[in-house]
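J.: Which chain is which? The protein sequence lines are H and X, in order. If you count the first sequence from 1, position 36 lands on 36 in the working numbering, and the numbers rise without skipping. Numbers given in the working numbering equal positions in the second sequence, counted from 1, plus 253.
The set of hints was computed from the structure by calculation and includes no laboratory data. Predicted model only: the values in this text are computed from it and were never measured. Check before you lean on any hint, since a few could be wrong.
Just a sample of chain H residues kept apart from chain X, beta carbon distances all over 10 Å, derived [as the list claims (entries may be wrong)]:
1. D42
2. V105
3. A155
4. G162
5. L208
6. A239
Have a look at the derived ranges for each label pair, beta carbon to beta carbon [as the list claims (entries may be wrong)]:
7. E87/H / E541/X: 15 to 25 Å
8. L543/X / D27/H: 13 to 23 Å
9. E450/X / D44/H: 25 to 35 Å
10. F420/X / G138/H: 56 to 66 Å
11. E87/H / G276/X: 35 to 45 Å
A short, non-exhaustive set of chain X residues, derived as facing chain H with CB atoms under 10 Å [what the hints assert, rightly or not]:
12. S262
13. Q362
14. T458
Every residue gets a Cβ at the ideal spot worked out from N, C-alpha and C, and that includes glycine.
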Amino acid sequence: MDGAWQGGPPCKRSREGSQLAAIAEFDSVGLRYGTGGEVLRDLDFRLTGGGFYFLTGPSGAGKTSLLKLLYLAQRPTRGRIRLFGEELSEAPRESLPPFRRRIGVVFQDFRLIRHLSAFDNVALPLRVAGASEEEIEGPVREMLAWVGLADRASARPPTLSGGEQQRVAIARAVINRPDLLVADEPTGNVDAEMAKRLLHLFTALNRLGTTVVVATHDVGLISASPGAEMIRLENGGLADPTGMLRNPPAGRA
Amino acid sequence: MMLDWLFASPADRRLLGTSRFRGPTPWVIAIMSFSIMIIAATGLALANTAGSLTRAVEARYAVEIPNGASDLDALAAAIRSAPGVTSVEAVPESEMRRTLERWLGPAAQSADLPVPALVNFDVKPGLALAPIERRVRAIAPGAQISAHADRVGPLLRSMRALQWLAFGLVLLLSAAAAAAVVLAARGALDTHRSTIEVMHGIGATDLQLTHLFQRKIALDALLGSLVGAAAGSLVLLLLASGASFAGALVGGATLAPLDLVALLLLPLVLTALATWVGRMAVLAALRETL
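In isolation and in its complexed conformation, chain H is listed as follows (with noise of 0.2 Å):
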């Protein structure tokens, strides 16, 4: 797979125009989990189209929870969340679907289907947009390629390792071209050499207009990530509530 992952993404349409409005804007939100205390309280920010950002914090600041909000898994339970320019807070469940599809999530345990074939994890957005086969088959594969997993197409998760199964994961995410991209630890399960191929692909998508945001622990990939912005939770809050993007990793600043 080596040379797989050194080119860009397979892509044949611009995103320039995404790249100059917020993406994501939050006004006062929080979030609880039923009758327990606040996991996230009083968030602030807006994510600009095609930026990329680190979301950083120890375990237990609100990370993944500030995830499932951004990609519409979970409602705040005050506040506003405006996405792609709608207000989503409130909106009827009905109306989310089209958004979920403008957003591409690569989970820390992959979540990938077990009894389909790397072909159909990866074919499965596509698939839900209502795209046919013949239009299908030819991205799939290029995608499959792309990340190095061309001869595993019909090879299903529990035959492929876990660097494999993050590659599928990361495919599936990517192959609708979405305009955000989130990312939950994607490194946590790999080596460094890996870690150092997503960076690599994460910013080859970026620079195609995806905006992205990486939630994770990892200090090596935050430093060599010099154009990335950062987000710190701590404790369900931003770290820095009046410039939370005015907190750049240690090798940047």
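Knowing the structure of chain H, use the given hints to seat chain X on it.
T.: Leaving out everything else, chain X in the frame of chain H:
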């Protein structure tokens, strides 16, 4: 098209794995379908028999002449000549005694046993009986006229009650089949929860997800109901072919062509019910998620 969901692509079929026709659902539905088929056929046969019996006796009356009647023929002739009478059948005392011999033996011929003679007659529906009654009393003052409908009324009421009981059981069994489908749908949702989460996450709509489950439920229900109905039909055929004894007992209970069509449609109705209930259950469960 409304039934597009039934013809899912191979890729869509793969989404729920290859678990079709496994698990108890098709078998539960087969048992329900078999029971419904038998009970519905019984109910329809009872309804037909009750209908035939009602039609046969609704305009039939009997004149009972205590201690026989020497002028039975004159009485029958008087009734026959009355306006509105369509048929008359005299049953002499001797014939009544022969009938009673089956139960009483030679004692039925004893002069000590009072045995009446009978004249059965049919009239046009709605005919007033008073003129006939006057003619009868003129010849046999002690005669009593009774309606056959009054005598078989309790039997008819029992048959109607059994008929409605059968239809009620059909409804109950259908409801039980529907409940089994709801449980199966919830089980399937639990089994495929991670797939549903992934599909929702990448933008699948409730309807897209529901179609996957709905198709599986429909195929399971169709298989189960066809197997059950086939077994039920076989049993009914066996009963019908060897039912001369039963036929004699119930006056030849039969099923009309429309009844047979209704019975043959039962598996499809059960499939449609299961599919609809399954769809509602899946949609309701999905609506509980974001």
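J.: Next, verify each hint and record whether it holds.
T.: We went through each hint and held it up to the structure:
no.: 1; hint: D42; verdict: 22 Å, holds
no.: 2; hint: V105; verdict: 6 Å, violated
no.: 3; hint: A155; verdict: 14 Å, holds
no.: 4; hint: G162; verdict: 18 Å, holds
no.: 5; hint: L208; verdict: 20 Å, holds
no.: 6; hint: A239; verdict: 28 Å, holds
no.: 7; hint: E87/H / E541/X: 15 to 25 Å; verdict: 23 Å, holds
no.: 8; hint: L543/X / D27/H: 13 to 23 Å; verdict: 20 Å, holds
no.: 9; hint: E450/X / D44/H: 25 to 35 Å; verdict: 29 Å, holds
no.: 10; hint: F420/X / G138/H: 56 to 66 Å; verdict: 58 Å, holds
no.: 11; hint: E87/H / G276/X: 35 to 45 Å; verdict: 44 Å, holds
no.: 12; hint: S262; verdict: 7 Å, holds
no.: 13; hint: Q362; verdict: 85 Å, violated
no.: 14; hint: T458; verdict: 5 Å, holds
Checked against the numbered hints given earlier, the structure breaks hints 2, 13 and satisfies all the rest.
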